[in-house]
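Novice: Sequences listed follow chains E and Y, in order.
Mapped onto our numbering, the consecutive letters of the first sequence carry residue numbers 1 to 330.
Mapped onto our numbering, the consecutive letters of the second sequence carry residue numbers 1001 to 1330.
There could be a bad hint or two in this list.
To give an idea of the interface, some chain Y residues facing chain E are shown, with a C-beta separation under 7 Å as derived from the structure [claimed, not checked]:
no.: 1; residue: ALA1039
no.: 2; residue: GLY1043
no.: 3; residue: GLU1045
no.: 4; residue: VAL1054
no.: 5; residue: ASP1127
no.: 6; residue: SER1138
no.: 7; residue: ASP1184
Chain E stretches covered by chain Y per the calculated footprint, using a threshold of three residues with CB under 8 Å from any CB of chain Y [unchecked claim]:
no.: 8; segment: 29–41
no.: 9; segment: 150–161
In short, the hints are calculated from the structure, not lab data.
By construction, the Cβ of each residue, glycine as well, lies at the ideal position given by its N, Cα and C atoms.
2 protein chains.
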Amino acid sequence: MDKTHAFRPGEFAMIDRIFAPLATSPGALGLTDDAALVALKPGQEMVVTADTLVEGVHFFRDDPPELIAQKALRVNLSDLAAKGAEPLGYLLTLSLAPWIDEDWLKSFANGLGADQMEFGIALLGGDTTATPGPLTLSITAMGSVGLGMMIRRGGARPGDLVFVSGTIGDAGGGLAVLKGEAADASPSAREVLIGRYRRPTPRLGLGRLLPPLASASLDVSDGLLADLAHIAEVSAVGIVIEVGSIPLTPSLRELWGNSDEAVIRAATAGDDYELAFTAPAILRERVVAAAEAAGVSITEIGRVQAGSGVLLLDRAGNRLPVEKSGFTHF
Amino acid sequence: MDKTHAFRPGEFAMIDRIFAPLATSPGALGLTDDAALVALKPGQEMVVTADTLVEGVHFFRDDPPELIAQKALRVNLSDLAAKGAEPLGYLLTLSLAPWIDEDWLKSFANGLGADQMEFGIALLGGDTTATPGPLTLSITAMGSVGLGMMIRRGGARPGDLVFVSGTIGDAGGGLAVLKGEAADASPSAREVLIGRYRRPTPRLGLGRLLPPLASASLDVSDGLLADLAHIAEVSAVGIVIEVGSIPLTPSLRELWGNSDEAVIRAATAGDDYELAFTAPAILRERVVAAAEAAGVSITEIGRVQAGSGVLLLDRAGNRLPVEKSGFTHF
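Please build the complete structure, drawing on both the sequences and the hints.
Specialist: Below, the structure written as structure tokens:
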């Protein structure tokens, strides 16, 4: 890692020692060089994505450092999954606030190390600097995909089916619990929801099977409906979603109930990091088989049609109004 | 760009409009997707580097936004240059402080746009978020280099010559002027030095000619002597530098004088972003020709020998002591 400016004198060597074991790929050059090397197999191209997390905006100072590290890595891996890419490596830039100490850094590195094992990715390099402000970390993740095979947002066509992986709204429920909104939810439900907020699961296993099947894909970060609106906009199509088909966990239903309003809240909450994707109807069985092979549940929640925007229908087939900042209603 | 969390409501569309014209390569997908695509020609591999700049640490809030943008991009391009890589594209993550407004962002984007034209690189994607703290920006730059041709830090061998591009210490002098240390320097000298501090020149033209010639290379950011110590350490060699041969501008000599102490101060100041590299003595003429072809001055400042660390000799050949935080003395 570059050490352009001192964190605290003499401490960069300590930081290097903590992070060096994460640089397991030869291209990282043991973090001793100005840059890292990444090779691609013939017929592959590189998929690159970056996300930043800021203390007080995306996480709390008291959150376990392992989970802050894993969330930062996983939101990037989730982008690679949505694009059908295989993880290659990542760069980490850390702006360290004055309150960070060696124990915190060790726990943070441990969190990264555990996820590197789980998801088959390794640290390639980055930069460490001091900041007088909040802890800020950016990860740039690189993955590989067959030439021309990256699943874009803009490929949805009328007649395609709309699928979502896992369940929706749990992270939003977890954040609500952390903010004190617990109502009647049981301790175990609260724990499930908080875990889903703090440690999203990138759907890499499913994502890598989707390039031959999906016509458009993204990961749900702004909220299911807002993100489907992104697909609709870039693909120049309309999307119809049946509210009753959006998959919610029993834990979230304990917290928010079973009403259409609860489902809409779940579908506009964000931070799910599930895959939302479209596929031609003729490929339905192959999509279902791919999800089974990946060991990930998927749910068919709607269809693509000519037009624009996202239309939400209630269980009786009536159009539901949706009001939510960030969701582009049509 | 991802918009995981609101900057101010409704303003992300504005930010997208400002940055979209910078995304000129097809792989950026107009910044409308979760990730960008980068292809490599056969026989090439990718060189990746990242650097972060923090308000109050690496620049001042009142610095012209164009120059903050260009410094952030150029310090990364300088790493690519030092590795002998050709720029491919970059990702930008911006944590926007509350004081940032639309005019600031437009000027910032203008600065990037001008440098994109000058250095042949384009924005691929990134992330924009809000921060309650200082403006923080990270750039991850990607370049290409022939397979196995990246110039590392660890290839210096006894007998090699040591070269540096341009002049050393100007940025440190510029920072000193900005901090009020102007002494007898003329207005024009001050302007030159401040310009060198604010807007380093990545030596891409020279760097791309060095892979067949240089045995080790890096860009000078910590200070010439500290950075040569990095080469010495990773290469497991010693480096001898003649203080009288270190190239200083007349402007810096106006500020700091002509003494050995002035040269040592220049050689430990940092932020030069010149290339420091080693090459076998037998290739001296070819190195000189490459620098002429690139239109960049280079100076032979010393040689590599068996041993460790960096030894500084005065004009009479006597060893000079160097005391400076960050410089590993041997």
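Novice: Next step is simple, just say for each hint if it's right about the structure.
Specialist: Now the hints, each set against the structure:
{"no.": "1", "hint": "ALA1039", "verdict": "holds (5 Å)"}
{"no.": "2", "hint": "GLY1043", "verdict": "violated (10 Å)"}
{"no.": "3", "hint": "GLU1045", "verdict": "holds (5 Å)"}
{"no.": "4", "hint": "VAL1054", "verdict": "holds (5 Å)"}
{"no.": "5", "hint": "ASP1127", "verdict": "holds (5 Å)"}
{"no.": "6", "hint": "SER1138", "verdict": "holds (4 Å)"}
{"no.": "7", "hint": "ASP1184", "verdict": "violated (29 Å)"}
{"no.": "8", "hint": "29–41", "verdict": "holds (count 10)"}
{"no.": "9", "hint": "150–161", "verdict": "holds (count 4)"}
Of the numbered hints listed earlier, those contradicted by the structure are 2 and 7.
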